[in-house]
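Asker: Quick note, the sequences are listed as chains A and B, same order. The opening position of the first sequence corresponds to residue 1 in the UniProt record's numbering, with each subsequent residue numbered one higher. The opening position of the second sequence corresponds to residue 1 in the UniProt record's numbering, with each subsequent residue numbered one higher.
Just so you know, the hints here were simulated from the structure itself, not pulled from any lab data. Keep in mind it's a predicted model, so treat the numbers as computed, not measured. All C-beta atoms, glycine included, are put in the ideal place defined by N, C-alpha and C. Misleading hints may appear alongside valid ones.
Unchecked claim - For each label pair, taking beta carbons as the anchor points, the in silico distance ranges come out as: (1) Ser-731(A) x Lys-37(B): 46 to 52 Å; (2) Lys-114(A) x Thr-43(B): 42 to 48 Å; (3) Glu-116(A) x Arg-178(B): 57 to 63 Å; (4) Asn-150(B) x Thr-43(A): 35 to 41 Å; (5) Asn-150(B) x Lys-66(A): 33 to 39 Å.
Each chain, letter by letter, is given below.
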Amino acid sequence: MLETKLSRRGFIKASAATAVLASAGTVGFNEWSKEYVKASANTKIKEIPSTCNACSSKCGMVGHVKNGRLWKLTGHPDHPYSKGKLCARGHGYATVVYSQDRLTQPLKRLGENKFEPITWEQAYKEIAGKLTQIIKEHGPQAVALTEDPRASGKFYSPRFINALGSANYYTHHVVCSNSRDAGFLHTVGVTATSADISNAKYIMFIGRSYGDGIRPSSVQSLAAARDNGAKIVIVDPRLNNTANLATEWLAIRPGTDLALVLAMSHVLIKENLHDLNFIKTYTVGFEAYAKELAKYTPQWAEGITGIPAADISRIAIDMGKAKPKALIEQSWRGAFGCNYENSTETGRAVAMFNALLGNYQQKGGSIFGVKPHLGKLDEQKYPNPKEPEAPKAGKKEFPLAYEGSGVATIVAKEALEGKMKAAIYYHSNAALGYGNPKVMKEAFSKLDLVVAIDVQMSETAQLADYVLPEVTYIERDEVIESLSGKVPGIALRQQMVEKVHPDTKPIHEIYTELAKACGVGQYFNFSLDELNEAKLAPTGITYKQLKEKGTIMFPAEEITIGEMPKVKTPSGKIEFYSETYKKAGYNPIVEWIEPKVSPANDSFRLITGKQAIHSHTQTANLPILMQITKDYDLERIWINPVRAKELGIKDGDLVEVKSSEATSKIRVKVTERIHPEAIFVPSHYGITSKDLRTGYGVGFSYMEHVPFDFEKWSGAGNIHEVIVKVRKVNS
Amino acid sequence: MARYGMMIDTRKCVGCYACRVSCQMQNELPVEESFIKFYEKETGIFPNVKNEIIPVQCQHCEDAPCVSVCPTKATYTTAEGIVLVDSEKCIGCKYCMVACDYGARTQNHETGVVEKCRFCSELVAEGKQPACVTTCISNARIFGDLDDPNSEVSRAIVRLNAQPLRPDLGKAKIYYVR
């Protein structure tokens with residue numbers, strides 16, 4: 001069909017150019033339709049199931065490939081996150097495969113923004129030489145690797161850094177969910193539960209917005225819950241895009257969510273609406289927590305949060321009555337992923353509130369998912385790297401942080417201190433996204449070696465000594481992804497089209513070859529297919545079957561509602577009181593903690609959040625998505641009309657945003673949808689890499705304004721602990 | 001013969017633009033050209049605020065002004081009520097753009113043709129749904145036969161009392177719940 005259509009369009013274009021009436025001597029629509037039907041009957045459109053890479057959800061999708069070119073995508077019907085749907089990012093990010101700004105060959109840095117193309121052989125040899133030298137001089141603990149994990153990366157990246165003798169493996173969670181993860185881990189034993197949204201009767205979201213940070217099945221579930229009459233409360237300083245599906249908006253003062261949860265917990269206990277049976281059976285430390293909660297009255301919380309005490313009481317009571325089909329959704333970054341000094345404790349209080357409701361493993365409540373039972377490589381044939389001797393850098397400073405993610409910005413801190421000497425970044429734009437870009441740049445300059453593996457010249461790649469070009473996710477096979485949830489399953493990312501740029505390589509090849517060059521090739525003596533076959537072995541599914549289906553679920557292994565699994569905390573129970581905290585020198589009981597900074601009458605708190613069309617900074621360079629930003633002026637900051645009026649600012653005006661760290665110019669959206677104390681800036685803009693020609697120069701990055709900092713509990717980035725002043729300026 | 005139409009429940013729309021991008025890829029549109037536009041309407045005063053998001057595309061009017069004004073009959077209505085453009089006949093005069101009450105027509109700057117939503121007629125012919133419906137993450141869109149009282153779309157329109165965006169402007173075949 002496409003060919004037919006394209007050739008026809010080409011004809012009209014030519015016709016229009018020569019001012020010839022296009023109607024003369026051409027086929028009409030009906031003939032064309034018949035032609036199309038005939039053509040599509042003869043030209044096979046290949047449908048290849050795979051997984052998305054536009055965000056961390058990695059939804060199942062199907063690529064429609066015609067004549068070797070990716071045409072369009074549809075959501076995979078069997079995948080639990082997509083359920084047949086894809087969001088705008090999911091569709092649009094796939095165009096990265098044909099981006100004009102792809103990295104096409106390995107690059108070696110010559111100076112500021114100066115690179116020369118080199119061969120893979122030279123790149124491997126020089127990188128391996130430097131890594132080996134650094135390890136010899138400073139030990140393997142001076143080497144680190146950071147990524148935004150995807151299926152292959154999750155397997156190969158830690159294996160690679162461990163093979164070098166280092167435990168320093170980090171993920172992007174330091175500016176995503178490090179706080180929530182730590183809070184949940186030390187309360188319910190897992191970094192995140194999931195939620196049975198479609199069956200819930202009362203749902204509260206704190207900062208989390210299904211309509212902005214999208215997983216299509218979550219939105220479908222929420223729409224279904226609303227159809228079933230559920231109460232849906234959004235707690236957010238801004239009326240986010242999930243609002244249409246909500247029944248109530250609590251416009252909370254930013255940074256005070258913990259006070260709200262503490263007060264609601266207070267009300268539950270005071271009104272005797274907590275689930276005493278559940279608490280007795282499955283938890284420890286309730287009495288101590290209840291004692292602490294006594295002082296957190298709704299009146300107290302009203303003074304802090306700005307939410308009327310009557311509303312706090314009403315909602316807590318209604319949730320108590322709706323239990324166990326009532327919950328506070330577990331969130332990701334939301335309001336307590338990495339935002340405030342009190343975020344970890346907010347996460348802990350949320351997990352505890354759900355325990356007070358006794359909603360764990362209940363219909364309409366919080367769910368502990370199950371993982372699929374997958375196989376492993378035979379260790380006799382394929383030896384694992386030895387356990388590194390030195391602990392992961394940052395573990396000493398942040399013992400409560402989830403070790404699997406670590407505290408990625410510790411790499412920058414130790415670089416500045418002269419302790420860290422080499423850093424590898426894979427699918428990670430740490431230089432712009434993880435910490436203040438000025439500090440990150442300074443830190444990178446202290447490192448003896450920075451390697452970036454990416455598909456485009458990100459700000460991180462720009463600062464690297466070596467840039468290794470990967471194929472995009474449309475052009476590669478990956479390690480089998482395990483899906484945990486109510487029903488476990490597996491999904492496979494697979495190649496849809498031939499490599500567009502011949503000198504790019506998939507990540508598993510890059511790690512395997514680099515390991516060989518580093519002298520640790522013995523830990524990578526298997527092929528991707530061998531690895532995937534080993535993983536599949538216990539499932540009874542063949543690799544061929546998985547390739548055909550893309551996503552396979554195991555309904556026989558579904559969790560049993562009402563059956564609590566063993567809680568993976570030290571006590572084996574949900575912990576209202578944490579010995580782990582106590583041993584690490586933290587308060588074992590959640591208490592109110594002030595945010596680190598607070599705005600004055602003439603300043604604002606700068607807050608950020610996702611937009612449905614973008615993901616981190618990785619999508620800003622894609623014309624199909626950035627055009628939406630341009631069409632609807634989505635890069636603007638939000639300001640409340642009362643504050644705008646005081647400052648003489650009108651909708652669309654250009655303003656200067658000034659913090660302790662930076663000054664930015666941007667246009668404003670004056671809207672009632674934002675708390676007067678806050679300025680909202682979407683988190684995807686401010687690309688400074690001139691090699692990203694579409695994204696460059698649109699909007700500003702909130703991270704420029706965030707002081708380089710670590711939250712005391714989880715080491716997260718405290719990305720909302722920022723005060724700014726705003727004034728109108730002339731262009 | 002079916003008479004195709006759509007219902008959009010704006011109360012479910014989260015303004016995610018998935019329909020726009022999916023449509024652009026399905027129809028291979030240039031990135032600047034979109035068949036679906038989004039209007040936002042904010043009402044109330046902080047903190048009692050409502051934000052309505054209204055996606056608008058060709059309404060496939062039964063009495064479509066773009067059809068009647070087209071000087072070359074490039075715009076026409078199929079037997080199934082889908083308003084289409086024969087790009088072979090379009091001379092790019094933009095009369096239809098002026099005539100359309102919904103601002104639903106856009107000129108393709110690569111081809112000069114003034115295009116618009118086609119209800120993905122080739123997918124519909126295969127018994128599939130338009131791309132915007134298939135991908136809608138909150139199931140806010142329902143497509144089907146308006147002449148069949150038992151179709152999902154007909155039943156939903158009745159149940160939710162969905163109305164055309166501007167009933168005063170003609171007989172549109174996209175019904176909105178607001």
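Asker: Please write out, lowest number first, the hints stated earlier that are contradicted by the structure.
Answerer: 1 and 2
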